[in-house]
Amino acid sequence: MTPEFIIGLGLILLGTVSVAWASPKDYLTRLINLEIPAFGLLLVMLSFDEMLALLTFIAVSTVSTFIFVRVIGKREGVN
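For what it's worth, this note's numbering labels the leading residue of the sequence shown as 8, then goes sequentially.
Because the hints were derived from the structure by calculation, they are not lab data.
For each residue, glycine too, the CB sits at the ideal point set by N, CA and C.
Some clues are possibly wrong.
[Said to hold, decoys possible] Computed Cβ-Cβ distance ranges for the label pairs, DEER-style:
no., residue 1, residue 2, range
1, Gly-84, Thr-36, 16 to 22 Å
2, Pro-31, Glu-57, 32 to 38 Å
3, Glu-57, Ala-27, 28 to 34 Å
4, Phe-55, Gly-84, 40 to 46 Å
5, Pro-31, Gly-84, 28 to 34 Å
6, Arg-77, Leu-16, 17 to 23 Å
7, Leu-21, Ile-74, 19 to 25 Å
8, Ala-66, Ala-27, 29 to 35 Å
9, Ile-13, Gly-80, 35 to 41 Å
10, Ser-71, Lys-32, 17 to 23 Å
11, Leu-35, Glu-57, 28 to 34 Å
12, Phe-12, Gly-80, 35 to 41 Å
All chains, full assembly: derive it from the sequences and hints.
In structure tokens form, the structure reads like this:
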């Protein structure tokens, strides 16, 4: 087990907890905290292959941000 794999797993767990139980309950804080597990996933994938890490990070960041912005828009009543 490489150091980036262990640090990545820790960031995934820490980031997931910080998104689920954010201190201020606003959407911007949760959106910012959503990048922590994405970066942890990047480190985990980096321990296997660099191209896989880059593509996974781009895909996870794009999809999660898109979904979360849609949820924020529906909650705020913006079309």
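Tested hints:
At roughly 20 Å, the beta carbons of Gly-84 and Thr-36 sit within the given window of 16 to 22 Å. With their beta carbons about 36 Å apart, Pro-31 and Glu-57 fall inside the hinted range of 32 to 38 Å. One distance hint, 28 to 34 Å for the beta-carbon pair Glu-57 and Ala-27, holds here, with the actual separation near 30 Å. At roughly 43 Å, the beta-carbon separation of Phe-55 and Gly-84 lies within the given 40 to 46 Å, and the hint holds.
Distance hint for Pro-31 and Gly-84: a CB-CB separation of about 21 Å, inconsistent with the stated range 28 to 34 Å. Take Arg-77 and Leu-16: their Cβ atoms lie about 29 Å apart, and the range 17 to 23 Å is violated. Checked against the hint of 19 to 25 Å, the pair Leu-21 and Ile-74 passes, with Cβ atoms roughly 21 Å apart. In this structure the supplied range 29 to 35 Å is violated for Ala-66 paired with Ala-27, their Cβ-Cβ distance being about 22 Å.
Checking the proposed 35 to 41 Å range against Ile-13 and Gly-80 shows it holds: the Cβ atoms sit about 37 Å from each other. Distance hint for Ser-71 and Lys-32: a CB-CB separation of about 18 Å, consistent with the stated range 17 to 23 Å. As the Cβ distance of Leu-35 to Glu-57 is approximately 31 Å, the hint placing it in 28 to 34 Å holds. Range check, Phe-12 to Gly-80: about 36 Å between beta-carbon atoms, so the 35 to 41 Å window is met.
In this structure, the earlier hints numbered 5, 6 and 8 are contradicted, and the remaining ones agree with it.
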